[in-house]
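Chains as they are written, first to last, in the working numbering: chain A, 44 to 388; chain B, 44 to 388; chain C, 44 to 388.
There could be a bad hint or two in this list.
Same chains, same label: a pair holds when it works inside one copy or across any pair of copies.
Claimed, not checked - Once the Cα atoms are required to be at most 27 Å apart in a straight line, the calculated DSS-like pairs of lysine-lysine come out as:
1. Lys61 / Lys273
2. Lys63 / Lys101
3. Lys163 / Lys388
4. Lys273 / Lys157
5. Lys337 / Lys46
6. Lys337 / Lys157
7. Lys273 / Lys163
8. Lys388 / Lys282
9. Lys337 / Lys192
10. Lys163 / Lys192
11. Lys139 / Lys101
What the hints contain is simulated information worked out from the structure, not anything from laboratory work.
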Amino acid sequence: MSKTNPGNFFEDFYVGQKIKHATPRTISTGDVALYTSLYGSRFAVQSGDSFAEAVGYKQSPVDDLLVFHIVFGKTVADISLNAVANLGYADCRFLKPVYPGDSLTASSEIIGVKQNSNGKTGVVYVRSSGRNQRGEVVLEYVRWVMVRKADLAAPAPETVVPDLPQIVAVNDLGSACPHINNECWDTQLAGSPCMWGDYRPGETIDHVDGMTVENAEHMMATRLYQNTAKVHFNQLEQKHSRFGQRLIYGGHVISLARALSFNGLANGFHIAAINGGSHLAPLFAGDTVYAWSKVLDSCDLPGRSDVGALRIRTNAAKNANCLQLPEKPDENLILELDYWVIFPK
Amino acid sequence: MSKTNPGNFFEDFYVGQKIKHATPRTISTGDVALYTSLYGSRFAVQSGDSFAEAVGYKQSPVDDLLVFHIVFGKTVADISLNAVANLGYADCRFLKPVYPGDSLTASSEIIGVKQNSNGKTGVVYVRSSGRNQRGEVVLEYVRWVMVRKADLAAPAPETVVPDLPQIVAVNDLGSACPHINNECWDTQLAGSPCMWGDYRPGETIDHVDGMTVENAEHMMATRLYQNTAKVHFNQLEQKHSRFGQRLIYGGHVISLARALSFNGLANGFHIAAINGGSHLAPLFAGDTVYAWSKVLDSCDLPGRSDVGALRIRTNAAKNANCLQLPEKPDENLILELDYWVIFPK
Amino acid sequence: MSKTNPGNFFEDFYVGQKIKHATPRTISTGDVALYTSLYGSRFAVQSGDSFAEAVGYKQSPVDDLLVFHIVFGKTVADISLNAVANLGYADCRFLKPVYPGDSLTASSEIIGVKQNSNGKTGVVYVRSSGRNQRGEVVLEYVRWVMVRKADLAAPAPETVVPDLPQIVAVNDLGSACPHINNECWDTQLAGSPCMWGDYRPGETIDHVDGMTVENAEHMMATRLYQNTAKVHFNQLEQKHSRFGQRLIYGGHVISLARALSFNGLANGFHIAAINGGSHLAPLFAGDTVYAWSKVLDSCDLPGRSDVGALRIRTNAAKNANCLQLPEKPDENLILELDYWVIFPK
């Protein structure tokens with residue numbers, strides 16, 4: 044029996060396969076403090092228990108993206124240790140609030156496989172879930188990754204490409220958001236007077252600020268998530284790679300963009316769902332990240348008069364701010380994220 | 044309605060103006076652990092619950108300077124986003140102990156304005172307060188900053204320069220310090236046999252050690268405080284600045300100097316007040332910080348036989364230790380801080 | 044009275060001397076989160092309260108090595124501030140689990156002294172203990188360090204070299220490990236199907252992954268442990284040293300090797316004892332650390348049917364993985380650690 048984990052290769056995956064991931068993880072206020080120190084996030088609900096309690100949470104919930112990264116991190120050793128690239132996300136829904144003290148576990152089901160024509164790699168579609176200590180699903184998402192084959196002679200499996208929603212339906216939003224007591228929502232403490240009704244589809248917002256990233260920071264973040272993808276940590280190997288250096292975990296970029304988006308979306312306190320996302324280019328230590336957003340849609344939530352949802356597309360770029368970029372993606376663009384954010388009405 | 048915060052410019056401030064700052068912030072043991080990892084502070088009261096409880100606290104209080112940085116950080120988006128320089132501090136008093144779990148908010152009042160003769164900038168005097176979840180003021184301080192005008196044609200306001208105390212009066216010290224049970228003060232655990240009575244005005248103490256600072260560290264610290272001043276984070280912009288690099292938040296230097304001062308002031312467990320402070324030169328990543336102190340005064344506290352106060356002036360320098368420096372400020376000096384420290388008797 | 048601590052020199056130590064160290068330290072979930080972010084450790088018992096509770100702990104205990112580093116850190120100011128080298132460890136036993144919220148103090152007894160023939164240095168043998176807030180010893184270990192003399196004319200003391208065990212006896216293991224409920228040990232959550240009985244003496248395991256270390260990381264770690272050894276922090280001084288740069292705390296290497304060893308020893312949830320250890324060469328920022336292990340022995344624990352012990356030797360190297368190294372130490376080898384690890388049966 045091999046004692047070390049070589050990770051799964053493309054030919055090891057099959058549709059219907061279920062995987063329970065190591066390692067269970069209790070999220071603490073220590074993780075929350077580190078998350079703040081890594082990104083500087085300022086959303087009032089996640090930052091102050093007093094604010095969160097006033098508006099309807101039992102205390103400050105853990106940042107949605109911290110939950111995402113911790114669940115994602117658990118899947119790496121089984122799903123993407125031999126991945127060439129993380130191709131995309133879909134149907135990501137945040138289903139229950141997570142509080143400090145909650146213990147998360149993760150599991151996945153393979154829902155699609157498609158060998159590439161080169162015969163050396165294939166795409167694996169995976170639906171992953173994070174559960175709390177009561178077995179409640181707190182997060183569910185699909186991602187697809189390109190994974191290497193170990194045995195090039197292994198036969199190609201029957202192609203199965205799952206039918207994934209382009210957009211998470213409005214009916215599927217809001218379950219992680221308690222009833223919000225709008226009278227107690229203090230817009231000065233929250234950092235902006237702009238509520239749900241103040242945003243219009245088509246509107247764009249430049250989040251203004253830039254943030255330079257260091258190697259120590261992204262490695263501390265990625266280890267905090269117990270994500271073991273080798274490309275983030277090993278300079279000795281990476282110096283012989285195409286890029287010559289460590290790659291920054293794509294989720295680090297998502298969290299930076301979200302933290303920067305406070306300046307323009309301060310009352311957007313909860314990510315209810317991620318419709319889709321792409322990492323368009325790699326980020327390296329020393330690069331400076333900027334972000335801007337476009338409001339794609341604005342919806343009421345069924346049965347909710349307290350909050351509404353905005354569909355937002357946030358882009359991040361490196362080493363160039365919004366004003367320096369044309370509309371179309373170019374080499375500076377590193378992220379496109381399409382998601383639903385909950386605002387108070 | 045603009046969705047992003049451009050910050051206030053000099054002409055936006057007026058005497059009597061009151062500002063409630065975003066973002067409420069619950070301080071946790073996670074913040075405390077990060078603070079230890081960033082500065083290596085070793086004061087027994089703040090480090091060990093067992094010690095703190097023995098001497099009279101309900102548990103280890105949060106380091107005074109961590110409270111200061113968190114309150115200060117909140118004021119930046121409204122007060123100093125367009126600041127040229129942070130000119131000074133006065134009348135800073137720590138009024139209640141802060142414990143992990145407390146939620147802090149900050150508010151400010153403009154108490155003075157003075158346009159500079161160049162017509163492009165002005166000095167704004169601000170009194171800021173931090174309050175806990177019960178509305179109790181835990182910290183109050185005045186700072187004055189030089190802020191740019193956006194509209195150079197805006198008329199100069201009537202000059203108001205507040206009358207600020209050179210020194211916080213002894214009567215105003217000690218309210219954040221519970222009655223200390225001196226019999227339970229274990230000087231071996233605290234790290235030094237020197238109590239209040241062992242220090243004499245005029246005495247100087249070289250704190251010996253030096254600490255080199257990295258970019259990842261000061262950015263993690265400054266984000267932990269949710270301080271958004273751009274000069275600390277954006278290398279892309281800063282490389283075109285006068286210094287060519289990111290500036291380290293001045294409060295980072297204060298915390299480094301305080302942590303270094305343990306070697307010489309180990310029983311000085313509580314900063315009761317800051318009389319004044321100046322950042323004499325900027326600090327950059329790669330620089331090494333040293334500190335030394337002079338005892339300026341020694342006072343009983345009215346009605347207190349358990350503790351006394353020392354007025355201390357701590358200087359920090361970069362890339363040169365105390366012995367290499369003349370008495371007068373030179374290019375290596377980066378900080379002068381005049382403050383009251385409480386010692387057990 | 045000197046206000047600053049010059050540290051002890053060789054001639055200041057005598058056999059039988061007892062030292063109570065500053066600073067008491069409460070360990071929190073914040074420390075645990077930082078530890079995870081610094082090393083990426085994934086052992087299920089220490090990571091998830093739900094897992095720990097299921098198998099028999101009251102909650103996730105603090106990582107054994109975090110306890111070690113915090114106790115070790117306290118001894119530095121009194122024992123090794125003037126040390127030339129940390130020569131070795133022996134008889135290190137973890138005696139009680141430590142949980143977040145526990146407050147640790149440390150004390151030491153000098154058990155041997157031996158002046159070197161050059162008359163400038165000597166070896167000091169020290170037994171150190173860490174105690175929790177109830178006075179229970181949670182950790183005990185011996186280390187010996189080479190310490191400079193301040194007064195070269197001081198007479199050599201009578202040589203006393205303590206008789207130290209090569210190996211901690213099996214009877215002395217297991218007191219920090221509660222009865223483990225093996226039926227609740229979920230090997231998928233724990234990350235490996237390999238239990239105690241699956242390992243054979245003589246077996247070697249390459250832990251595969253490499254981890255590059257940055258200055259910000261090791262300084263944050265070492266300050267978290269309140270370890271004040273100057274060589275880790277002061278680049279201005281170190282640039283004139285033999286190595287020209289800051290040395291990384293040896294314990295940082297131990298924790299990195301332990302975290303890497305998860306890939307191969309995932310069910311080895313508890314270090315019961317360290318038989319011996321040597322730092323064979325220094326590690327510097329920018330270096331990449333690899334680790335591999337050899338099973339030296341496999342033992343039942345007296346009276347325990349739930350768990351067994353493996354004696355493991357873990358080596359760490361810099362900038363070369365296991366396959367690139369010969370059996371014998373060479374310049375890339377940085378650590379040899381001989382220890383007992385507890386596995387479920």
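Need the list of violated hint numbers for this structure, in ascending order.
3, 6, 8, 9
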